[in-house]
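Go ahead and model the full structure; you've got the sequences and the hints to work with.
Chains as they are written, first to last, in the UniProt record's numbering: chain A, 1 to 438; chain B, 1 to 438; chain C, 1 to 438; chain D, 1 to 438.
Mixed in with the good hints, there may be bad ones.
Remember, identical chains collapse to one label, so a pair may be satisfied in a single copy or spanning two.
[To be verified] Quick list of in silico lysine-lysine cross-link-like pairs, DSS-like style, CA-CA up to 27 Å: (1) K195 / K416; (2) K111 / K295; (3) K438 / K295; (4) K301 / K138; (5) K300 / K138; (6) K138 / K111; (7) K78 / K16; (8) K415 / K65; (9) K14 / K65; (10) K300 / K111; (11) K65 / K16; (12) K412 / K184; (13) K52 / K65; (14) K397 / K415; (15) K416 / K65; (16) K397 / K65.
If you are wondering where the hints come from, they were derived from the structure by calculation, not from laboratory data.
Protein chains: 4
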Amino acid sequence: MNNTATFDIDTLGKPKFKSPLQLSTVRGDSIFNFISENDRLVFDLSFEHYQKCIANQEAPLCLEKAGPRQNIFFEPPKTTAAIVTCGGLCPGINNVIRGVVMALHYFYGIKRTLGVPYGYEGLNPEFGHELIELNPDKVRDIHQFGGTFLGSSRGGQSVSTMVDTLVKNEVNILFAIGGDGTLKGVDAIGEEIKKRDANISVVGIPKTIDNDIDLIDKSFGFETAFDVASPILRDAHNEATGAYNGISIVKLMGRDSGFIAASASLAMPVVNFVLVPEMDFALEGENGFLEALRKRLQSKKHAVIVVAEGAGQHLLQQTDVVKDASGNVKHADIGVFLKEKIEEYFTDIPVTIKYIDPSYIVRSAPANSSDSVYCGRLAYHAVHGAMAGKTRFVVSKVNNRYVYIPISEVTKKRKKIDLESEFWFSVLQSSGQPFSLK
Amino acid sequence: MNNTATFDIDTLGKPKFKSPLQLSTVRGDSIFNFISENDRLVFDLSFEHYQKCIANQEAPLCLEKAGPRQNIFFEPPKTTAAIVTCGGLCPGINNVIRGVVMALHYFYGIKRTLGVPYGYEGLNPEFGHELIELNPDKVRDIHQFGGTFLGSSRGGQSVSTMVDTLVKNEVNILFAIGGDGTLKGVDAIGEEIKKRDANISVVGIPKTIDNDIDLIDKSFGFETAFDVASPILRDAHNEATGAYNGISIVKLMGRDSGFIAASASLAMPVVNFVLVPEMDFALEGENGFLEALRKRLQSKKHAVIVVAEGAGQHLLQQTDVVKDASGNVKHADIGVFLKEKIEEYFTDIPVTIKYIDPSYIVRSAPANSSDSVYCGRLAYHAVHGAMAGKTRFVVSKVNNRYVYIPISEVTKKRKKIDLESEFWFSVLQSSGQPFSLK
Amino acid sequence: MNNTATFDIDTLGKPKFKSPLQLSTVRGDSIFNFISENDRLVFDLSFEHYQKCIANQEAPLCLEKAGPRQNIFFEPPKTTAAIVTCGGLCPGINNVIRGVVMALHYFYGIKRTLGVPYGYEGLNPEFGHELIELNPDKVRDIHQFGGTFLGSSRGGQSVSTMVDTLVKNEVNILFAIGGDGTLKGVDAIGEEIKKRDANISVVGIPKTIDNDIDLIDKSFGFETAFDVASPILRDAHNEATGAYNGISIVKLMGRDSGFIAASASLAMPVVNFVLVPEMDFALEGENGFLEALRKRLQSKKHAVIVVAEGAGQHLLQQTDVVKDASGNVKHADIGVFLKEKIEEYFTDIPVTIKYIDPSYIVRSAPANSSDSVYCGRLAYHAVHGAMAGKTRFVVSKVNNRYVYIPISEVTKKRKKIDLESEFWFSVLQSSGQPFSLK
Amino acid sequence: MNNTATFDIDTLGKPKFKSPLQLSTVRGDSIFNFISENDRLVFDLSFEHYQKCIANQEAPLCLEKAGPRQNIFFEPPKTTAAIVTCGGLCPGINNVIRGVVMALHYFYGIKRTLGVPYGYEGLNPEFGHELIELNPDKVRDIHQFGGTFLGSSRGGQSVSTMVDTLVKNEVNILFAIGGDGTLKGVDAIGEEIKKRDANISVVGIPKTIDNDIDLIDKSFGFETAFDVASPILRDAHNEATGAYNGISIVKLMGRDSGFIAASASLAMPVVNFVLVPEMDFALEGENGFLEALRKRLQSKKHAVIVVAEGAGQHLLQQTDVVKDASGNVKHADIGVFLKEKIEEYFTDIPVTIKYIDPSYIVRSAPANSSDSVYCGRLAYHAVHGAMAGKTRFVVSKVNNRYVYIPISEVTKKRKKIDLESEFWFSVLQSSGQPFSLK
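Here's what the structure looks like:
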């Protein structure tokens with residue numbers, strides 16, 4: 001058999017310090033054991049894949065188990081860490097910040113942790129934002145609130161400038177909390193650091209409310225997102241049933257992936273149509289969305305539609321309306337577009353349409369309990385990996401286990417709903433929506 | 001002294017049946033006493049008014065105390081009641097429906113209660129909606145949900161047609177749950193009934209999420225409205241602080257009156273500007289809103305703005321933008337208008353603006369506990385008054401007591417925030433907003 | 001006519017400084033007016049009382065309107081305030097603390113405000129608790145959490161010692177947040193101050209989760225209390241219906257007054273029995289509680305019982321069980337006692353009993369929106385009154401208006417549910433409980 | 001290599017009917033594929049296990065993938081299903097009932113589904129409970145509420161009697177929602193059915209709020225349980241900090257396994273001690289719990305303790321107190337016991353102890369969104385498996401995939417917290433509790 005193929009994590013070098021954690025290396029003493037570099041987990045757990053590997057005499061693709069290592073790379077008293085939060089809000093950011101600060105301080109005795117204000121802007125001196133000293137007292141209660149304690153910004157900054165700032169501030173570890181763009185950014189920072197041969201570890205903690213980071217089970221904040229969204233679907237149902245032929249349209253997050261729309265609809269089964277970016281659908285035609293909506297109204301006198309913000313972009317581009325507009329801002333909103341199309345279409349029967357866009361209400365919510373637990377443990381594992389000198393990795397959960405994965409592997413493409421999956425099938429089953437709306 | 005001046009309630013005639021309620025007429029037996037028609041409450045409780053009445057030898061304006069009467073007008077086994085809910089959703093409608101059905105059934109033994117579907121439309125046979133038989137089992141759990149169990153519609157129908165429907169269905173009492181227009185409508189129904197000399201009592205239960213019914217302490221659902229809205233202001237604050245010079249604009253209900261915007265801002269003191277319909281304000285100029293916003297950003301780097309939907313209409317009408325638009329739909333939304341104006345104004349400094357419109361989320365929420373209690377008691381009192389043969393009245397709370405008031409008195413004008421009141425002053429104190437933005 | 005009889009508030013002396021508030025004294029300028037000492041409000045608003053006053057040529061009892069005065073007693077730059085919170089937790093304490101600190105700082109420019117830790121203990125040097133400097137930054141977010149930022153304790157301390165501490169720390173105003181005992185305590189402090197001719201104003205802000213302070217409309221935190229309690233009644237209903245002859249007993253706060261039990265039961269109409277301290281009831285006998293419960297089980301197969309902690313104390317004292325126990329601790333709990341009695345009684349039919357005591361969950365909740373508004377405005381009015389040199393008063397709402405009342409008047413007796421009131425009648429109507437259980 | 005070792009599911013016979021589901025068998029058509037009996041998933045995903053299997057030429061242990069089969073065993077128009085819910089309440093039961101009814105009705109066209117009232121009692125005619133006809137209308141809204149729509153009971157009934165009832169009512173499929181005992185019970189029913197050669201499929205849907213069913217990722221309702229419990233820990237923290245040396249003790253569910261206590265403590269990191277059944281701890285002694293508590297109080301002046309109901313049973317048995325008591329009822333409650341022990345121990349310093357037992361509040365809550373999704377999908381999979389003729393299996397999630405497992409495999413032992421796991425380590429890290437309290 002060949003050697004284990006694996007998503008190997010890059011390291012800054014051989015860990016040469018003893019971990020200050022008082023852990024064990026043997027089973028049976030009721031004390032948690034250090035994780036060994038040999039602790040690997042099979043990625044694809046289908047028996048079919050297993051058989052193929054055997055047949056081909058290949059080792060299966062394996063993932064590195066997350067957790068504290070017996071030897072660490074950074075000498076705690078001389079180590080400075082920094083945390084940056086980028087992109088839009090997502091429930092749980094503050095929990096992750098808190099967890100990282102606590103783990104650095106209490107587990108490893110790191111005395112200097114810096115908060116980078118307003119995302120990558122905070123690593124560019126031109127913006128004049130000042131780095132913030134963090135400590136347990138400052139972050140003790142921040143998990144109770146949504147948002148980000150550090151502030152955020154969208155978009156990137158010069159990689160070279162950002163590395164300069166890290167070097168100038170003697171930062172040894174950078175924790176970047178953000179989505180696809182942020183992770184690519186921090187990977188580029190890691191690459192630049194490597195070129196400069198600087199001993200700085202960069203760690204990504206995937207934050208995407210859309211749950212669209214590839215390979216991983218789920219991103220933090222996602223469960224809270226549909227937990228906050230689903231009662232709003234009940235509200236939409238109340239509005240729809242409150243009028244004759246009442247129609248409620250709820251636009252939820254999801255630029256490329258419709259996980260929030262789909263999950264919220266499963267959680268609050270009052271939804272009749274779930275339109276996601278992954279699906280192709282037609283408005284008109286016998287099997288199109290509008291006729292399906294008509295049938296629903298005929299039988300039940302009300303309908304609830306959930307649409308992901310990235311759904312139906314092909315329809316928006318077709319319309320004349322968009323071409324006329326300056327900067328096509330007006331009709332980029334699929335929710336508003338659907339509302340108008342439905343109004344135009346139902347001239348023969350009275351309809352009352354309510355449009356609800358709860359986007360910021362969902363984004364800025366505090367983490368629910370499940371996400372709080374998840375965020376805390378992600379933070380701890382991020383710290384363990386960084387202290388061991390690993391770099392350019394994300395920490396996440398795969399097959400329900402905490403693992404480290406190279407950033408480059410999770411940013412190759414975005415995770416999308418597989419329309420042939422049992423997940424999407426359950427959405428169709430729950431809503432009564434046909435397999436195809438074309 | 002002259003006779004008691006009072007808001008006398010119209011009656012259908014002398015109550016000639018004994019109430020089936022087993023109540024008392026004396027104090028000290030631990031059993032609630034029937035309310036006498038002489039139980040009146042002074043409306044204006046300032047000592048100044050009292051002195052004026054004395055000086056002028058006038059009786060003070062008095063209100064009729066709500067509650068069960070010893071003699072009733074309708075003979076329960078022969079009585080049919082109907083309930084109609086009109087206008088937009090508001091928390092607590094289902095609690096009122098439930099309370100009315102329960103009180104009719106259990107307290108008075110009324111066996112036939114009809115639900116009118118989809119508002120006044122349901123009283124117009126042209127729409128083909130059928131009346132629904134209501135009973136305790138059907139309504140037992142409806143208070144757990146927002147919306148209206150009966151459906152609603154906006155606007156009126158022919159008064160004559162609606163009275164025809166009532167007569168045809170042998171309805172003796174009509175309970176109308178709705179706002180200013182609905183109350184005027186049911187009063188007109190009452191007038192038509194009087195002309196026809198029909199023995200039908202009409203009762204209004206003021207429902208206005210804006211809290212803009214005159215004379216009364218508060219309308220049901222209003223407290224829930226700002227209870228649901230205020231955490232959204234916290235969300236807005238999270239969004240605002242999450243970006244450098246982050247600005248959140250939250251549009252809340254309030255066409256003519258800014259009570260929800262003001263109360264929510266008091267409840268969640270993270271709001272810096274509260275713009276209500278009652279106030280005149282300028283965008284530009286040294287003391288205008290935009291410069292005040294600039295000062296706020298300069299000192300704190302973020303701002304939260306709450307705007308009632310009816311605020312700043314004078315600004316919308318001034319703008320060229322509206323004149324250009326077809327049907328002035330685009331800029332009728334003060335929230336969107338403000339967002340655009342702020343974006344245009346701050347060209348010299350970076351700002352990030354988030355716009356949140358939680359309208360339907362607030363309207364469709366279930367009643368909180370305080371409103372649940374209020375709705376139940378309003379419903380009971382509405383039933384007591386109607387059974388006593390009173391008509392064309394609303395039931396509400398004035399000076400913290402349940403009273404009956406003629407519909408015509410509460411629909412003369414809408415209640416608005418008095419800008420010279422302690423209430424508005426407390427909003428300014430809490431937000432730090434200057435007395436004037438002109 | 002005689003002079004206005006009124007609950008006059010004691011003052012430290014003539015206010016000799018101009019208020020820093022930029023208010024008005026005329027109507028029509030859209031700026032709030034200072035409150036004049038002549039602004040009085042009639043207490044009893046029954047027309048009957050009005051007529052009696054006329055007949056007897058007496059002025060009606062009047063209350064002093066709360067609000068800012070044009071002239072103030074304390075010179076802001078030289079003024080020190082202190083805040084103390086006593087007794088059990090209640091939703092909204094932190095909102096009041098926050099409101100007082102904000103009003104002192106921003107409205108009047110008071111630079112020194114002290115927090116007294118752990119209730120009256122904090123004014124007794126023996127305990128060694130140190131006074132805390134408060135400022136807007138420290139209290140900005142505390143309203144988001146239940147509990148008290150300052151800590152609390154039960155019971156009193158030597159009045160003389162406490163006044164010594166106030167004098168030693170140059171405190172000019174003491175705000176005491178607490179219930180009946182606390183208010184009596186701060187009144188005694190005020191009396192001692194008067195004896196010493198010290199210029200220290202003492203102000204009470206009534207805090208009683210039981211809502212048992214006399215004369216006032218409601219105490220802060222009370223609405224939140226039954227707002228938090230009422231979903232627990234739904235839980236109890238779920239437990240009761242989840243078993244054959246399922247019985248849930250929920251014990252709620254209310255030592256002398258059953259307002260929380262009664263209001264929560266009105267808010268969540270799944271309750272079949274509401275037992276409060278004000279009512280006398282028997283366990284046994286044809287009309288007693290246990291037979292009434294049997295009838296309920298026979299017809300519906302489940303029952304929900306809400307009992308205030310102070311209810312049925314007469315039963316506890318009768319029982320042999322208590323006499324046998326060492327220190328009668330075991331059976332002082334009416335909830336546990338009822339559970340045992342029901343178990344003993346129903347030997348002929350199977351019953352499943354669940355006992356729920358959510359006391360601390362209710363007490364430690366953060367204020368809901370209505371209470372947040374109330375707390376903030378109470379705090380502002382407390383500061384206005386104190387700055388005007390008033391002393392030994394509470395601020396509260398009567399007849400839906402903010403007023404000042406002498407502490408001595410609200411501590412004469414506790415407010416209780418009037419069993420002959422419409423409020424209690426509505427509880428009986430809602431629950432179906434008979435007027436008498438004896 | 002040997003044949004696949006697998007947890008094979010028992011079947012009633014060869015599925016001979018075509019599924020009415022319009023699914024696919026090929027990838028690429030955007031339609032979900034039927035699951036094949038060959039779709040198996042590796043259970044142990046450590047690479048170490050993989051290597052061992054290779055070395056030993058053994059197939060790894062595999063699980064059967066859940067989902068709809070192309071051929072089914074039961075002919076829908078002739079099929080009757082029944083649902084029974086047993087044991088204590090747990091969030092999500094109603095969601096599962098709803099999902100099963102909906103899937104039977106809409107996916108497979110089953111026209112007759114019976115609800116068994118009050119658990120296994122409902123299958124014993126002696127109790128006289130009548131089976132309930134279920135349909136989509138009856139269950140449409142039940143997921144909004146906690147509890148069980150069908151009622152429940154604890155304990156078992158004669159297997160033979162229960163099978164008689166199933167046979168008499170022509171039940172073809174029995175869905176049993178319950179914990180360890182219930183699952184063993186339904187397995188015994190399945191065994192008896194086999195003996196009788198009856199064609200009745202029995203399916204278990206594991207319901208254990210304690211999350212103590214072996215092998216599976218998590219049981220439904222568990223996430224909601226700690227989501228409901230964790231804000232109560234915040235309340236406990238408020239109570240603890242509200243008094244000098246304030247100590248709050250919260251008792252949470254967990255007879256044999258401390259997952260709720262541990263997870264809630266991770267979710268709300270205000271907890272200082274987490275005592276679970278899996279750990280051994282001493283009260284007294286230098287390293288015992290009480291001295292650790294003393295250190296905590298000395299440094300922070302407050303402490304929050306979470307104790308699982310099954311923790312510290314070894315201590316209860318030691319005490320004299322229990323021996324004296326009649327029926328050892330008094331001290332079986334570890335929470336009350338701890339409270340008393342702490343009171344006894346701290347005679348030298350003042351402490352204030354608050355004891356909170358939110359058990360029923362947690363159990364009777366409605367499912368949160370994550371659990372709602374989970375419950376719905378479990379229900380669907382349960383129906384798919386049963387329709388395919390599988391029997392004596394549970395449906396659950398393992399390694400984040402839906403699978404079927406023989407009931408006998410998951411009831412061999414209870415799942416417990418591994419004290420050497422990263423999960424427990426994260427609890428210790430988060431709380432600051434030492435590895436050992438002995």
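inquiry  = Cα distance capped at 27 Å. Does K78 pair with K16 within a copy, between copies, both, or neither?
reply    = Close inside one copy (14 Å), not across copies (61 Å); limit 27 Å.
query = Quick one: K412 to K184, C-alpha cut-off 27 Å, is that within a copy, between copies, both, or neither?
reply = within (10 Å within a copy, 47 Å between copies)
message = Cα distance capped at 27 Å. Does K14 pair with K65 within a copy, between copies, both, or neither?
response = For K14 and K65, only the intra-copy Cα distance (18 Å) is at most 27 Å; the inter-copy one is 42 Å.
key: Intra- versus inter-copy proximity for K295 and K111 (alpha-carbon distance at most 27 Å)   = Result: close only across copies, 24 Å inter versus 65 Å intra.
key: Within, between, both or neither, where K138 and K111 count as close if Cα-Cα is 27 Å or less   = both (14 Å within a copy, 25 Å between copies)
ask   = Are the CA atoms of K65 and K16 at most 27 Å apart within a copy, between copies, both, or neither?
value = within (20 Å within a copy, 45 Å between copies)
request  = Could you figure out if K300 and K111 sit no more than 27 Å apart (CA to CA) within one copy, between two copies, both or neither?
outcome  = For K300 and K111, the Cα distance is within 27 Å only across copies (21 Å; inside one copy 63 Å).
inquiry  = Within, between, both or neither: how does the pair K301, K138 come out at a Cα-Cα threshold of 27 Å?
reply    = between (53 Å within a copy, 19 Å between copies)
Alpha-carbon proximity between K438 and K295, which holds within one copy, between copies, both or neither at 27 Å = Result: close within a single copy only, 15 Å intra versus 54 Å inter.
query = Quick one: K52 to K65, C-alpha cut-off 27 Å, is that within a copy, between copies, both, or neither?
reply = Classified as both; 24 Å inside a copy, 18 Å across copies.
ask   = Can you tell me if K195 and K416 fall within 27 Å by alpha carbon in one copy, between copies, both or neither?
value = Neither way: K195 and K416 sit 34 Å apart in one copy and 48 Å across, limit 27 Å.
request  = Please work out whether the CA atoms of K300 and K138 approach to 27 Å or closer within one copy, between two copies, in both situations, or in neither?
outcome  = between (54 Å within a copy, 16 Å between copies)
Taken one by one, the earlier hints fail for this structure only at number 1.
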